[in-house]
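Using the sequences and the hints given, assemble the complete structure.
2 protein chains.
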Amino acid sequence: MIQDHYQALKARNLSINASRGRPHTSQVDLCSGMLSSLETHFSEDGADVRNYGGLDGIPEMKRIFAQILDVSPQNIIVGGNSSISMMFDCIAALIHKGIWAAGQKFLCPSPGYDKHFAICEYFGLKMLSVPMTLTGPDMDVTEALAKDPDVAGMWCVPVFSNPQGYIYSDETIKRLASMPTACPSFRLLWDDAYSVHNFRGTRPRIANILHECTNCGNAARPLLFTSFSKISTPGAGVVCMAADENELKIFRERINIQTIGPDKINQLRHAHFFKDLSGVLAHMKKHANILRPKFERAYEVLETGLAGTGASFIQSDGGYFISIDTPPGCAKKVWQLCKEAGVLLTDAGATYPYGNDPLDTNLRLAPTGLSIDEIEQALEVLIVAVKLAVLK
Amino acid sequence: MIQDHYQALKARNLSINASRGRPHTSQVDLCSGMLSSLETHFSEDGADVRNYGGLDGIPEMKRIFAQILDVSPQNIIVGGNSSISMMFDCIAALIHKGIWAAGQKFLCPSPGYDKHFAICEYFGLKMLSVPMTLTGPDMDVTEALAKDPDVAGMWCVPVFSNPQGYIYSDETIKRLASMPTACPSFRLLWDDAYSVHNFRGTRPRIANILHECTNCGNAARPLLFTSFSKISTPGAGVVCMAADENELKIFRERINIQTIGPDKINQLRHAHFFKDLSGVLAHMKKHANILRPKFERAYEVLETGLAGTGASFIQSDGGYFISIDTPPGCAKKVWQLCKEAGVLLTDAGATYPYGNDPLDTNLRLAPTGLSIDEIEQALEVLIVAVKLAVLK
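Protein sequence lines, in the order shown, are assigned to chains G and R.
With this note's numbering, letter number 333 in the first sequence gets 1214, and the count goes up by one each step, no holes.
With this note's numbering, letter number 305 in the second sequence gets 1186, and the count goes up by one each step, no holes.
Calculated from the structure, these hints are not laboratory results.
Don't take each hint at face value.
You can't tell identical chains apart in this list, so a pair holds if it fits in one copy or across any two.
To be verified - Okay, derived cross-link-like pairs now, DSS-like style, lysine-lysine, Cα gap no bigger than 30 Å in a straight line:
| # | residue 1 | residue 2 |
| --- | --- | --- |
| 1 | 1130 | 978 |
| 2 | 1220 | 1130 |
| 3 | 996 | 1130 |
All values derive from a computational prediction rather than experimental measurement.
Structure (structure tokens):
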């Protein structure tokens, strides 16, 4: 019967892409006013944003990022349109300066973000998985691994982790800030991508990693990143990095050689449209109103549909993904069955370093770009696929 | 008397920055319509440019760049807002892949562009100066140096070279395309920054480096770059690279890991505003009308003022700079005298690798950002400074 159900679903000839965290058109529409207006072309320091200059960003954009990350504007370098590109470049800079070396090791809380893992692989940094818990990476494991002098860094998505939507506890953050590391140049790559992306409840407030590290005498440790890609528009947002002022020097040196400056016009568009943190949070409420019903409907369908299958999923109050764990050895099968029925999930395994999910259990589904109807259809396929895979 | 004249100029308390090739406000005003309008947010392939996707650019922007560089759209990767950043990244990619190595040598036609030289220095590529001639780099010297297997690449600004405004002859280009190189991975970094930036006469048409190299069996040799920074706005333009399709693979691989995509909204703004090459050329006529009187007035003042001083300058039909040669051993003195009288030129020496102008003769002046009145005042200071320096 479950086989018949699957065949019937296949006959629908669906074509639903739930593989990437893509905002829905209705979300990018929220900032349409920003894209087509530019009241002035002077930033508050009097610079004509259309011309050269301003390597690290206009003051008003630095201030907004400083508010989001709860650091000082002096800690901010505003970048271009891609935070992943800024992370890539930070790693490139550290390797170039001989602070890190290919062959060193990187801690990767898993499941995690495939683009992070791809950067490590590109630069020849050996990835070590660290299990995720409800309160962030398993800190006993992390602290033990950090005793290896070759362990040079760690990926962290502290709020609404990709894909589970977990939030690091203050205890986790304090342990990350204070733990001894055998590698003197150990860095936390702190990708605060979903800092304001709660679709339920209020914005989660966590311990501040830069302050915590500084207080422990590890000011150089954290490199923070955040992005407007899922606030304004993917691709034409504005991003930043933040770190201890002294630690920013090697990145400033690189940027000074690498470019003549970021797109300050786009920064000014953002600064005028969002104004400050409260403007950002007000805007994110509009996103939340679009996303909440999608996630809640998805949770409802999964709750019922996965009951008794041995598969589980995680509910979150924010972020962009739903993390689903099948019984061991089933994720690849489920992925394939979904694909054959026209539903594309993120590649099975992609949430682990080297695409290798050791138990073959984790699947990531990105509901944001879909309509509720598409989510229901995609989940119907997924649930049937789980049941089929478990049977086999 | 000349000392009195200098003191009188100093008493004017000037503050004129002629050090960087900055468009004048009236030039960036030419595209103000583009910055504040966005008729649609769909590119011609139906993609919503506000969302993820489209790693190498939207089709209409590729087509415009293909027309400018006279290559096929398949040869184009559209980038972000900075061509220097794309060049930096190409070199980083070649070194990362082991195709080049720090310690290898780079040919640098000199005087040349200080930002090019800074990239070589950052990556530990040893720079070798090649003399410039009226028809481009001295090809006898170039061909001789290319016999060294450590010579891995060469900077070229083929049209309106920075700073002299020379144009490579077809013979030079054919020799660059066909010359044997001991290093099998020798590359020409072809910075076609001023391709459409003639302010007098018609657009110079030169032999096509990609076609020439391909015809000689050296398809992998050239990496072309161009930019809208001095067509639309510095900082918020659009840039591209072009190369043999096969050769683009290692850059596509890197970009795929480095970013989720370029700012396609800004690409669409440009594509709608400029439409095609003829739209670009029509726009560049407006720039020319602003720049021509400035350069012509500068040439006039220099012609008279430098007569008999032993200093010379070069007239060009395009580009952004005026290259001035003082008698040997005087450039630094002139620069300092100018600075003390409130006129900032590009650092003496900056137009040579490692900032070292062996004869201490070359100075670069950027008149574009100044008014004619400012140009006249700056040149009055410069001419007096030359006379003083020669006297000493």
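Outcome of the hint check:
1. 1130 to 978: Result: close both inside a copy and across copies, 12 Å intra and 26 Å inter.
2. 1220 to 1130: between (47 Å within a copy, 28 Å between copies)
3. 996 to 1130: For residue 996 and residue 1130, both the intra-copy (26 Å) and inter-copy (19 Å) Cα distances are at most 30 Å.
Figure legend: structure checked against the earlier numbered hints; every hint is met.
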